[in-house]
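Asker: Now for the letters of each chain:
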Amino acid sequence: MKEHQLTVIGGGPAGLSAALSAWEAGVTDILLLERDRYLGGILNQCVHNGFGLHRFQEELTGPEYAGRFIDMLESTAVQVKTDAMVLSVSPDRTVRYVSPDGGCQTVRSGAVVLAMGCRERTRGAISVPGTRCSGILTAGAAQRFINIEGKMVGRRAVILGSGDIGLIMARRMTLEGAKVLACVELMPYSGGLNRNIVQCLRDYDIPLLLSHTITGIIGDRRLEKVVVSAVDGRRQPIPGTEQVFACDTLLLSVGLLPENELTRALGAEMDPRTNGAVVYENMETSIPGVFACGNVLQVHDLVDFVSEESSRAGAAAAAYIRSGETPSRRTLAVENGSAVTYTVPQRIRVEAAGKGVQVFFRVNRVFGKSAVTVTAGEKRIARFKREHMAPGEMERIFLPEGLLALAEGNVITVSAEEAEV
Amino acid sequence: MKELICIVCPNGCHLRVDETGGCRVTGNACPRGEEYGRSEVLHPTRVLTGTVRLHGAALPRCPVKTRSPIPKEKLLEAARALCQVDVQAPVRTGDVVLADLCGTGVDLVAARTILPLQSTH
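Chains as they are written, first to last, in numbering that gives the first Met the number 0: chain U, 0 to 420; chain E, 0 to 120.
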């Protein structure tokens with residue numbers, strides 16, 4: 000059996016960044032496995048710009064952002080294997096994968112980084128009634144057809160869901176000559192970034208129908224029309240509000256699911272709130288020496304934060320290879336309080352936290368002037384002001400070492416509230 | 000007074016631009032927001048991205064972008080012009096694939112390095 004110091008699963012932004020930071024931390028024997036023919040992952044089909052403002056202080060397209068990391072990786076001795084599909088990971092950090100050149104292969108590693116990314120929810124996940132005609136596809140699938148394969152998917156489109164991919168595809172379809180009739184959103188607010196509502200919908204006069212959903216799909220072989228209805232406060236369609244849109248294409252942008260089949264089969268503890276693994280402050284899962292980062296851990300909005308998180312995972316994997324398990328006399332569980340839907344990390348080993356810990360979370364509604372509070376038992380140990388928060392925008396707070404030391408008990412809770420006037 | 004959402008970065012600041020008093024911008028968190036607010040009121044511009052036909056590579060399309068923003072009203076015309084562009088591999092990020100796109104004075108450049116078919120990347 001072959002052995003490596005570190006195996007990274009996934010060659011998208013998370014895997015690239017994790018491999019690079021492990022290399023920089025002195026790990027010289029790294030294997031990076033990617034199932035596609037190219038490195039870069041989903042960034043390759045994200046030809047729009049807006050990537051890298053945090054990481055590189057300039058606005059790059061997806062392929063350019065990926066290219067920066069691929070160039071950096073090429074100056075290292077990280078061994079890259081594309082066309083390599085991982086079949087399983089075991090708790091002793093044995094990775095089985097299959098590739099056309101070597102067939103089924105097994106490698107054992109000092110540490111493993113899980114960076115498999117996420118996939119889209121499909122029609123089956125949201126139970127839209129209607130016929131099963133062609134012309135209904137996820138926004139990301141349409142993006143791949145158009146941007147990578149050079150195949151146009153339709154001429155008159157409706158988009159269900161206002162997440163960023165849906166918004167980006169509304170503009171992309173328009174620029175490619177299609178007519179986008181509407182972007183339909185179940186919730187009373189968009190799940191995408193404000194800037195995308197402006198530059199993808201308003202720039203092209205595409206209506207955004209908030210608190211609406213699709214209640215009918217009509218088509219024989221190809222989609223012919225969709226029925227859109229307004230919904231009430233409990234998200235139930237209101238009879239009598241139906242509008243019919245004649246269209247040949249329906250794009251679904253209805254959420255992303257971390258792709259964790261390997262993680263579950265490995266037996267790592269999972270978090271039902273994120274659909275990702277439960278991780279400690281250093282991105283380590285409940286299986287020692289196995290780390291997770293990027294969209295397989297939690298679905299991000301910005302690739303810059305994926306790179307940053309993955310860089311920490313790579314550095315932590317390097318530390319594990321060097322000095323073994325992280326000692327922990329005291330572990331704090333991080334829980335979500337009011338209006339917060341999840342936190343990452345879920346656990347903090349206080350002695351291992353170094354200068355402090357970055358905690359990511361999302362809120363469950365739109366906030367104006369507001370505050371994020373961290374409590375330990377009855378005691379409030381931190382308060383962070385915010386001007387604006389929304390479910391579509393991931394929030395983060397930094398808990399410095401001194402603050403963690405203040406926390407009594409084994410649990411800290413992160414909550415959001417409207418600011419007191 | 001015009002209210003805008005800044006699109007320079009993901010923060011999406013809520014800007015107010017006073018069109019009368021020399022386009023004073025408020026609500027911005029950074030100098031780039033001020034620049035965006037003023038330009039959005041006076042002459043809005045956007046970076047256009049898309050793909051062009053690619054020959055001699057495993058992939059049929061090469062992603063491209065305008066090197067700098069172009070006038071917003073030119074976007075659809077410029078997007079149509081991309082259909083007329085052919086690129087031969089190898090192509091490198093930053094290579095000019097079409098100079099002076101639609102009379103904007105802005106070059107269209109490749110946004111991905113793509114090697115010819117035979118080469119192993």
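I should point out that these hints are in silico values taken from the structure, not numbers from a laboratory. Just so it is clear, CB atoms sit at the ideal spot from N, CA and C, and this is done for glycine as well. A few of these clues could be false.
[Said to hold, decoys possible] Straight-line C-alpha distance at most 27 Å; calculated DSSO-like pairs for lysine-lysine:
1. U/Lys178 <-> E/Lys73
2. E/Lys71 <-> U/Lys150
3. U/Lys150 <-> E/Lys1
4. U/Lys368 <-> U/Lys384
5. U/Lys178 <-> E/Lys71
6. E/Lys1 <-> U/Lys368
7. E/Lys71 <-> E/Lys1
[Claimed, not checked] Between beta-carbon pairs, the in silico distance windows are:
8. E/Gln87 <-> U/Gly254: 38 to 44 Å
9. E/Gln117 <-> U/Asp219: 57 to 63 Å
10. E/Gln83 <-> U/Asp219: 32 to 38 Å
11. E/Leu41 <-> U/Pro206: 23 to 29 Å
12. U/Gln235 <-> E/Leu114: 49 to 55 Å
13. U/Lys1 <-> E/Pro43: 55 to 61 Å
14. E/Met0 <-> U/Ala76: 43 to 49 Å
15. U/Glu148 <-> E/Arg79: 30 to 36 Å
16. E/Cys82 <-> U/Ala245: 23 to 29 Å
17. E/Glu34 <-> U/Pro206: 27 to 33 Å
18. E/Glu2 <-> U/Thr105: 58 to 64 Å
19. E/Ala98 <-> U/Pro399: 50 to 56 Å
Asker: Are the hints correct? Go through all of them and say.
Answerer: Structure-based check of each hint:
{"no.": "1", "hint": "U/Lys178 <-> E/Lys73", "in the structure": "18 Å, holds"}
{"no.": "2", "hint": "E/Lys71 <-> U/Lys150", "in the structure": "26 Å, holds"}
{"no.": "3", "hint": "U/Lys150 <-> E/Lys1", "in the structure": "40 Å, violated"}
{"no.": "4", "hint": "U/Lys368 <-> U/Lys384", "in the structure": "8 Å, holds"}
{"no.": "5", "hint": "U/Lys178 <-> E/Lys71", "in the structure": "18 Å, holds"}
{"no.": "6", "hint": "E/Lys1 <-> U/Lys368", "in the structure": "22 Å, holds"}
{"no.": "7", "hint": "E/Lys71 <-> E/Lys1", "in the structure": "18 Å, holds"}
{"no.": "8", "hint": "E/Gln87 <-> U/Gly254: 38 to 44 Å", "in the structure": "40 Å, holds"}
{"no.": "9", "hint": "E/Gln117 <-> U/Asp219: 57 to 63 Å", "in the structure": "45 Å, violated"}
{"no.": "10", "hint": "E/Gln83 <-> U/Asp219: 32 to 38 Å", "in the structure": "36 Å, holds"}
{"no.": "11", "hint": "E/Leu41 <-> U/Pro206: 23 to 29 Å", "in the structure": "27 Å, holds"}
{"no.": "12", "hint": "U/Gln235 <-> E/Leu114: 49 to 55 Å", "in the structure": "54 Å, holds"}
{"no.": "13", "hint": "U/Lys1 <-> E/Pro43: 55 to 61 Å", "in the structure": "56 Å, holds"}
{"no.": "14", "hint": "E/Met0 <-> U/Ala76: 43 to 49 Å", "in the structure": "58 Å, violated"}
{"no.": "15", "hint": "U/Glu148 <-> E/Arg79: 30 to 36 Å", "in the structure": "20 Å, violated"}
{"no.": "16", "hint": "E/Cys82 <-> U/Ala245: 23 to 29 Å", "in the structure": "26 Å, holds"}
{"no.": "17", "hint": "E/Glu34 <-> U/Pro206: 27 to 33 Å", "in the structure": "30 Å, holds"}
{"no.": "18", "hint": "E/Glu2 <-> U/Thr105: 58 to 64 Å", "in the structure": "60 Å, holds"}
{"no.": "19", "hint": "E/Ala98 <-> U/Pro399: 50 to 56 Å", "in the structure": "52 Å, holds"}
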